[in-house]
Amino acid sequence: MKSDKNTLFQGDQVRGALVQSFIKLDPRILFRNPVMFTVEIGTVVMLVVTVFSLFNKEQGSFGYNFTIFIVLFITVLFANFAEAIAEARGKAQAESLRKTREETPARLLVDGKESLVMSSQLKKGDVFVCETGDNIPTDGEIIEGIATIDESAITGESAPVIRESGGDKSSVTGGTKVLSDRIKVIVTTQPGESFLDKMIALVEGASRQKTPNEIALTILLAGFTLIFVIVCVTLKPFADYANTPITIAAFISLFVCLIPTTIGGLLSAIGIAGMDRALRANVITKSGKAVETAGDLDTLLLDKTGTITIGNRKATNFYPANGVNKKDFVTACVLSSLADETPEGKSIIELASQGEEKAIISAPANSVFIKFTAETRSSGLDTPDGIRIRKGAFDSIRNIALKAGNIFPNEVEEAVKNISSNGGTPLVVSQNESVLGVIELQDIIKPGIAERFERLRKMGVKTVMVTGDNPLTAKFIANKAGVDDFIAEAKPEDKMNYIKKEQQGGKLVAMMGDGTNDAPALAQADVGVAMNSGTQAAKEAGNMVDLDNDPTKLIEIVEIGKQLLMTRGTLTTFSIANDVAKYFAIVPALFMVSIPSLRALNIMDLHSPQSAILSAVIFNAIIIPMLIPLALRGVEYKPIGASALLRRNLLIYGLGGVLIPFLGIKLIDIIVGTMV
Amino acid sequence: MNTEYLGIIFMYLLTIAIAIPMGKYIAKVFKGEKTWFDFMAPLEMLIFKLSGIDPTREMNWKQHLKALLTINAVWLFYAFFCLLFQAHLPLNPDHNPSQTLDLAFNTALSFLTNTNLQDYSGESGATYYTQLFVFMFLHFVSASTGLAAMMVIFKAMKDKVADKLGNFWDFLVKGITRLLLPLSFLVAVILAFNGTPTSFKGKDTVIGLQGDTVHVSRGPAAAMIAIKQTGTNGGGWFGVNSAHPFENPNYLTNIVENVSIIAIPIALVFALGFYLNKKKLAWVIFGVMTVGFLIMLFPSVIAEVGGNPAIAHMGVGQPGGAMEGKEVRFGAAASAYWGITTTVTSNGSVNAMHDSMMPVSGLAQMFDMMINAFYGGVGVGFMNFYIFIIIAVFISGLMVGRTPEFMGRKIEAREMKIASLIALLHPFIILVGTSIAAYVLVHFPNAAWATKPSAWLNNPGFHGFTEMLYQYTSSAANNGSGYAGLTANNIFWNVSTGIIIFVGRFFPIIGPVAIAGILANKKFVPESAGTLKTDTATFGIMIFAVIFIVAALSFFPALTLGPIAEHFSLK
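Protein chains in written order, with numbering that gives the first Met the number 0: chain L, 0 to 675; chain F, 0 to 570.
No wet-lab data here; the hints were simulated from the structure. Note that CB positions come from ideal geometry on N, CA and C, so glycine has one too. Incorrect hints may have been included.
[What the hints assert, rightly or not] Listed next, the stretches of chain L that the computed footprint assigns to chain F, with coverage defined by at least 3 CB atoms under 8 Å from CB atoms of chain F:
{"hint": "1", "stretch": "78–85"}
{"hint": "2", "stretch": "412–424"}
{"hint": "3", "stretch": "456–464"}
{"hint": "4", "stretch": "498–509"}
{"hint": "5", "stretch": "582–595"}
{"hint": "6", "stretch": "648–658"}
Only chain L is shown next, with the shape it has when bound in the complex:
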């Protein structure tokens, strides 16, 4: 279900997040975020100083201390709000998916007897029945029957799909609706343990684990925080030596401004927003790490059918033999395909009706349709007038012709060879055992897919096509679609071996799959995306589930992963670059009064020491909410090559991070300066 509410802040979410911002003040919760935790300690100290300043003016006026206290308090709240709003958005997204499946009646089957229970009472291993018009109460696997199912509630795709027991299309999802027939389904998840439930827990924070990369960044940020603890603590004896009294408010302001509060405040929001973006793309991720890994992928394994090509071969050309009228040939082709229910057969009729011939032909009455058998490897029809039309593979029709004493025309054989070497499949048509010509079938490559592969290549991701075709055909399609490599005549274990080989070379591999025989490869892959329509085994093995069953989804997932890392990196850079301006605001303010020559450092020409310090902390606070939209949406990824991307982001977030606070602090000072 695609969300149509894409605005970042919605009333109810904001209200909930505001409440959460206060709940998250609990030091036991805030402890997980070392940067903001130290700000909270600073806030508490300022509260004490503020109360103290009611009785004693040694630490500055009450109003000044109180203002600093309030600004610091708001800084912590802003950071909490960023995390809370990200959680609220992710949760809302997941909830809207969950609502579709809540509390529907289920027809539980026990010992052959049906009883009506609520879906929440279904346990793993229970069996229930669904018939036309029933909502499927929970996730499960069909153990008996076949049905058409409307999955639009989950995937947004209106066309019904067929699900049947056995095989790879046996999985049903709670919240979808049976349109026809009757199925028996075994429940595969405990209540509250479906993928969706797991994802909601992940977003809510209870089970949210920091990803390896997030941990590494937190360590670096903690390191920066520690450096500034040292800078501020040692400043006290330095100032004593220089006979410069520094107030506690000034110390704490300097400290809070220097530590990377901007990224510290937004770090968890960025992570949650990444999972949320995945969910908006209708992908359920089983861990935050999977999203992050997606950004690092080196190799994508893609099935040819359905991903790269439209799915089935289509007729693209008719080549009559010499001396055969093209119109007659097309007519014969259509006749031979009328009873052919395969997509290839249908495409022949389609091509004939659309081509220059505009051939709309129906079979003469009382014709006998000859079905395709593995023995004859041809199909066709016999008319009452005694015309026998056959269509089949090259060697089977040649056999028919040669047996009847007819020759196989050279030009047709030539055409057959050409078609094969161009990745197509030739189908030869004969009438009364003499060859009429050849039909060319080709794989149709999805429009736009070559551009997407090009984009992936620019990101440094190698694409590999997996197909059951022979190497020649595979190579042709691979070239045409622009994939980097292919596995032809692929057996399930070939995928596994390819993944292992790539991984041994240090690469991260992703694949998409749905069948039970894909499960080992899905588990082996660094990112395994199971289709929601796939078997339970596949879904358990992968680390993401795609609700849309869209094989090209991997491309989006890669970009979401990259965006996640980039947002972290750019905001870290921005946060640290901000310190330059903050230093030039606060350091002169600390010493200007007792060392007048240091006025030279007041390059922003700030109004007074108090207004300078206030402006810096206010800037430090408001930059957090101003960057929340960026944290939630993510920094835009452009496949322009790593160095160009670094240049771009260094310019925007590095240089911007140095310059913007100079402007911001000066502006705030102009306003604050008139009030102090």
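Fit chain F to the given chain L structure using the hints.
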């Protein structure tokens, strides 16, 4: 004035011209390829045979560190006891006394760690035995220790090495026999021919023009001076170091000595390029270091050549620039150039009194040591730079949307933990040391130390603060130069700087070697279009930004109260 500028431009270009082929040579030595000095091989084999070492046994990073720390501990005790009892050891023609406990502690650590902070004066505080067999010995082995540790990192950056990181003893010995010894020999010969003493006789007695008797210290100085320049040691024979007319007799020796200061540190950057066959990366690193070096050099040269505004204010002309504390035979520009080269490289030898230089020079010199990675000490300079590379790779990797990787290995939490700690350590020890000194000075001015804290500083105010900050910065950076205005030979300074010297040496060796070792054991990720290339100008800018921001941000308040305040007060 123009010739003064030409002099320093010539010195720098000469250094580069020497450093590039030297880098190629160093790479060849450690790759085991044929070089000119292969005739040293029998000597090396003899050393290995006598010590029972198999130089072909590959070590992992932990074994390397164990070997390094063990042998350093042995040297430390050897040096400490020699200094404590030097009066009773041979080769003491001037009958100099033994060092006190705290001085011996400081001096032994100082020389062991390639720092050479000298709280004593060579003429009276050491004997020929300790000068030669403690100090000069440590000059060689401490420089080679840095070299060996760096070689572990070079080796670890190669593909598919895992735990096979070469042999520590092999690196250590070859660093001396193939590089330091031949180079020092050459420099020593030049110095000896230009008048630097090479005699085992004691003090000479001269009757001055006024008719009074002057005792002139001598000694086998040329050999030691050569290695103290080439090995980024800095601990000279005479108290005033290369400002002494024996230690640095003329402009020619000044050129030779100054080129020696930065030749090996620069050569090692190129050696990286040749060793890993990543010449572009070497040029990027060299570029970043050189930009940092020049940013510090220009203001310092301009300030010294321009003269002191306070003197100019009195209407006194200063045609030679700010000449207080400088040698007329070198001039203002060459003194400023030496001051910057000796601080960027953690050498610490001086040819002028840094205490007398302009506040801008003091700022630049301290900033060099606070960063300690623009060229840097032999081996260790690159290792400090390596930490900055790791941090820069991490941040910029995130910025391009890919888990950061360097040389094909992913950088994760464990490496970041080490890198953060090492990056944190340097400001920590400098700031905490200085703050304790400032605290003691303010609150216990008359405590019964060997020297009363109130008498520590020759200058009050900002300059006095700079004297303390400089001392700890120099100790932490293992530089060894000092502001002569600080009375440092007492228990407080000997012990506190001794501890900082020790911490500032060994942790920044352990950290990078550990990171490199851990990375070497990781799966090698081949480069793709999404990989961030580290051998580009863009990445160079990134490293530079990280270095400047990490250093500038942590030291800005301290520098404000020292040289910056002094500079703006100087009218």
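Hint by hint, here is what the structure shows:
1. Counting residues of the stretch 78–85 of chain L whose C-beta sits closer than 8 Å to any C-beta of chain F gives 0, which falls short of three, so the coverage hint is violated.
2. With a cut-off of 8 Å between beta carbons, the stretch 412–424 of chain L has 0 residues touching chain F; three or more are needed, and the interface restraint is violated.
3. Given a C-beta distance limit of less than 8 Å, the hint that chain F covers the stretch 456–464 of chain L holds, as 6 residues qualify and 3 suffice.
4. Coverage of the stretch 498–509 of chain L by chain F holds. Counting CB-CB distances below 8 Å, 3 residues qualify, and the rule asks for three or more.
5. With 5 residues bearing a CB less than 8 Å from a CB of chain F, the stretch 582–595 of chain L meets the requirement of three and the coverage assertion stands.
6. By the rule of at least three residues with a Cβ nearer than 8 Å to a Cβ of chain F, the coverage given for the stretch 648–658 of chain L holds, with 4 such residues.
When the structure is compared with the earlier hints, violations turn up for hints 1 and 2 and for no others.
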